[in-house]
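K.L.:
Letter by letter, the chains look like this.
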Amino acid sequence: MKTKNTFQSPVLAFLGKQPALAVMALLAVFPLIFPFHSLAINILLFGLFAAGYNLTFGYTGKLSFGHAAFFGGGAYGCGILISQYAIAWPLALGFGVVLAGLIALLMGLLAMRTRGIYFAMVTLALAQCVYFLFFQANSLTGGDNGLRGVNVNTVNLGPLKLDLLNPLVKYYFMLVFVAIAIWLINRILNSAFGSILEALRENEHRARACGINVEGTRLLSLVISGMVCGLAGALNAINLSTVSIDSLSYHTSGQVMMMTLLGGMGTFFGPFLGAGIFLGIEHVVTGITERWQLIVGVIFIILVLFFPKGIWGTALARYKK
Amino acid sequence: MQRTRTSRLAFFTAHPGGRPPVRLCRVYQQKTIDSYMELSFNLIAQQLVTGLALGSIYVLVGVGLSLVFGLLTIVNFAHGAFFMVGAYVGVFVFAKTGNFWICMVAVPLITGAIGMLVERVLVRPLYGRGIDYPLLLTFGLAYVMMDLTRMAFGVQGEPFEAPEALQGAVDIGIGMFPLYRLFLIAVTSVILFALWLFLEKTRFGLIVRAGARDPLVLRVLGINVSTVWLAIFGVGTGIAGLAGLLAAPMRGVSPEMGVPILIEAFVITVVGGMGSLGGAIAAGLLVGVVVSFTTLFRPELAEFSMFALMAITLIFKPNGLLGRKGLMG
Numbered sequence: 003m004k005t006k007n008t009f010q011s012p013v014l015a016f017l018g019k020q021p022a023l024a025v026m027a028l029l030a031v032f033p034l035i036f037p038f039h040s041l042a043i044n045i046l047l048f049g050l051f052a053a054g055y056n057l058t059f060g061y062t063g064k065l066s067f068g069h070a071a072f073f074g075g076g077a078y079g080c081g082i083l084i085s086q087y088a089i090a091w092p093l094a095l096g097f098g099v100v101l102a103g104l105i106a107l108l109m110g111l112l113a114m115r116t117r118g119i120y121f122a123m124v125t126l127a128l129a130q131c132v133y134f135l136f137f138q139a140n141s142l143t144g145g146d147n148g149l150r151g152v153n154v155n156t157v158n159l160g161p162l163k164l165d166l167l168n169p170l171v172k173y174y175f176m177l178v179f180v181a182i183a184i185w186l187i188n189r190i191l192n193s194a195f196g197s198i199l200e201a202l203r204e205n206e207h208r209a210r211a212c213g214i215n216v217e218g219t220r221l222l223s224l225v226i227s228g229m230v231c232g233l234a235g236a237l238n239a240i241n242l243s244t245v246s247i248d249s250l251s252y253h254t255s256g257q258v259m260m261m262t263l264l265g266g267m268g269t270f271f272g273p274f275l276g277a278g279i280f281l282g283i284e285h286v287v288t289g290i291t292e293r294w295q296l297i298v299g300v301i302f303i304i305l306v307l308f309f310p311k312g313i314w315g316t317a318l319a320r321y322k323k
Numbered sequence: 005m006q007r008t009r010t011s012r013l014a015f016f017t018a019h020p021g022g023r024p025p026v027r028l029c030r031v032y033q034q035k036t037i038d039s040y041m042e043l044s045f046n047l048i049a050q051q052l053v054t055g056l057a058l059g060s061i062y063v064l065v066g067v068g069l070s071l072v073f074g075l076l077t078i079v080n081f082a083h084g085a086f087f088m089v090g091a092y093v094g095v096f097v098f099a100k101t102g103n104f105w106i107c108m109v110a111v112p113l114i115t116g117a118i119g120m121l122v123e124r125v126l127v128r129p130l131y132g133r134g135i136d137y138p139l140l141l142t143f144g145l146a147y148v149m150m151d152l153t154r155m156a157f158g159v160q161g162e163p164f165e166a167p168e169a170l171q172g173a174v175d176i177g178i179g180m181f182p183l184y185r186l187f188l189i190a191v192t193s194v195i196l197f198a199l200w201l202f203l204e205k206t207r208f209g210l211i212v213r214a215g216a217r218d219p220l221v222l223r224v225l226g227i228n229v230s231t232v233w234l235a236i237f238g239v240g241t242g243i244a245g246l247a248g249l250l251a252a253p254m255r256g257v258s259p260e261m262g263v264p265i266l267i268e269a270f271v272i273t274v275v276g277g278m279g280s281l282g283g284a285i286a287a288g289l290l291v292g293v294v295v296s297f298t299t300l301f302r303p304e305l306a307e308f309s310m311f312a313l314m315a316i317t318l319i320f321k322p323n324g325l326l327g328r329k330g331l332m333g
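Line by line, the protein sequences are chains A and B. Count along the first sequence from 1, add 2, and you get the number used in our numbering. Count along the second sequence from 1, add 4, and you get the number used in our numbering.
By construction, these hints were calculated from the structure, which means they are not laboratory data. Even for Gly, the Cβ is constructed at its ideal location relative to N, Cα and C. Hints may be right or wrong, so weigh each one.
Computed Cβ-Cβ distance ranges for the label pairs, DEER-style [stated by the list, open to error]:
1) B/256 with A/93: 54 to 62 Å
2) A/319 with B/131: 46 to 54 Å
3) A/134 with B/175: 31 to 39 Å
4) A/162 with B/131: 55 to 63 Å
5) B/204 with A/282: 34 to 42 Å
6) B/47 with A/203: 27 to 35 Å
7) B/256 with A/148: 41 to 49 Å
8) A/148 with B/225: 55 to 63 Å
9) A/208 with B/256: 45 to 53 Å
10) A/134 with B/206: 41 to 49 Å
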């Protein structure tokens, strides 16, 4: 135990001071030490998704079950422009992010009218509504079959040509956007706005008494969170070159919530760790049995009962002791 | 008579070989409109009763969810899973006994017992830890219950038919109507009446109502609150299980059947008001009727209609039709 602590402490100290840089550095090294590159891309993108979710759940203290709508909205927004209208990928990516932000704005306007635990139920129901909307718009989204042909095979950057069919190149291509998003999240959390968010989580009434516009702040944070999740979704559309209707489903919202809680909500590194462990478990267990949801469900229950701070949160708390 | 015949004949002869339709057409049109009007009155009345039958399932699910929330302040994300378990217990008991009526008794008892076990072992350690934790726990539990069901009964759905005595249709004055749907409405009314008697007329019900107002005072008065909570969790999940059995002939039985009903139950809770039993009943019936009528006129919008209803409720009455303010802080 003691040796472990001495091994961990400098790492933890470094991560504690510069979480954004540390996460970026880790993600940059990750595919070099991890042999499964397509899984690495999944972890990267779902880590970003979970980091966006964490803005709502971890930092604002709102339990949402509707983030699939942002992830899927971003994916469809980007995918439809690329596959149906042959629009250049940077524009499509931007459109996906904006669309996710709009969905978040609409959802927030409705859901913010309720308080407390209602939020989870309303976001879930509204996300289901978005699911049906995309499901019914068959000609545009491909309905049940999903959207196909979101092909971005090469990216031309002046003299530099990136071959996205190479998983390692694709990973670093995605990492650029993920790094920008991480930097932005870090910037937001360290700003006055970030302090207000945490103030809301800790004590809404006191924050209100201090003259903070509670509803406006929450709405803005949900929109930012939605846009980050939308970016993750849009990148995932390019990654898979298809968008499945499942990306909008209840299970996607549940997955990202489990990842965030698994890693540690309200921590910077937690979501990425959670995404890694969750997808790692899924990867290993699906090879053995079809019943991986059972394993994940049991792990999740144990986590809620005994380690509500998640893996990274528990580690941080131990370290601070 | 004679005159029309001749005139019609004249009409025909005046247009040999051509289509004479102007007049015939008008008669024809008149007739369809008449029969359509007649049909449409019956159709609307029938659709209303269909909506009430559909709503009965919603009411049962919503009441169970609201009961548990109102007393324990737990949002039970496994409520849909208990609904699904109820249907599968029904399939199992029916296979063993071949008697639907035994299922009607066994399903709520067995599902309720599973619910009480869950409360005792998993949910109880979380009391006092914040409102999100039981929610998260039951969310994970729903996955476990779903996969356990898949392991026991297979991935494929199971057919489940209504008992023979309840098949077929009866004339209820607005045309023939499936007997089973009438049965649904009747059973729901009986259960709601029994629940009302239990909550309003028994000593235990008094404790339950007091506990919903202020559990602390109840504890100060020397009442063992945890027994009450255990029982209420059992009642709520038992009713969910029964709803699953009752819905099985209409919705089919599959491991995933709990997911849509969970979302529908949430819509009902939001529309009716959190923790309000009256609200759950009103909202359940309302949602049933709205969905049923949208299915009649714009079937492609049927799935949206309940969400639209929820959005309207949120805009104009954020606490729900009969919701209390400040229940969840």
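K.L.:
Give a verdict on every hint.
P.N.:
Verification of the supplied hints:
Taking 54 to 62 Å as the suggested C-beta distance range, the pair residue 256 of chain B and residue 93 of chain A does not conform, at roughly 44 Å. Look at residue 319 of chain A against residue 131 of chain B: about 22 Å separates their beta carbons, and that is not inside 46 to 54 Å. Roughly 36 Å separates the CB atoms of residue 134 of chain A and residue 175 of chain B, a value that falls within the hinted 31 to 39 Å. Checking the proposed 55 to 63 Å range against residue 162 of chain A and residue 131 of chain B shows it holds: the Cβ atoms sit about 59 Å from each other.
Range check, residue 204 of chain B to residue 282 of chain A: about 53 Å between beta-carbon atoms, so the 34 to 42 Å window is missed. Between residue 47 of chain B and residue 203 of chain A the Cβ separation comes to about 52 Å, which falls outside the hinted range of 27 to 35 Å. About 24 Å separates the C-beta atoms of residue 256 of chain B and residue 148 of chain A, a value inconsistent with the hinted range of 41 to 49 Å. Checking the proposed 55 to 63 Å range against residue 148 of chain A and residue 225 of chain B shows it holds: the Cβ atoms sit about 58 Å from each other.
Roughly 51 Å separates the CB atoms of residue 208 of chain A and residue 256 of chain B, a value that falls within the hinted 45 to 53 Å. Taken as a hint, the range 41 to 49 Å holds for the pair residue 134 of chain A and residue 206 of chain B, whose Cβ atoms sit roughly 43 Å apart.
Comparing the model with each numbered hint stated earlier shows that hints 1, 2, 5, 6 and 7 do not hold.
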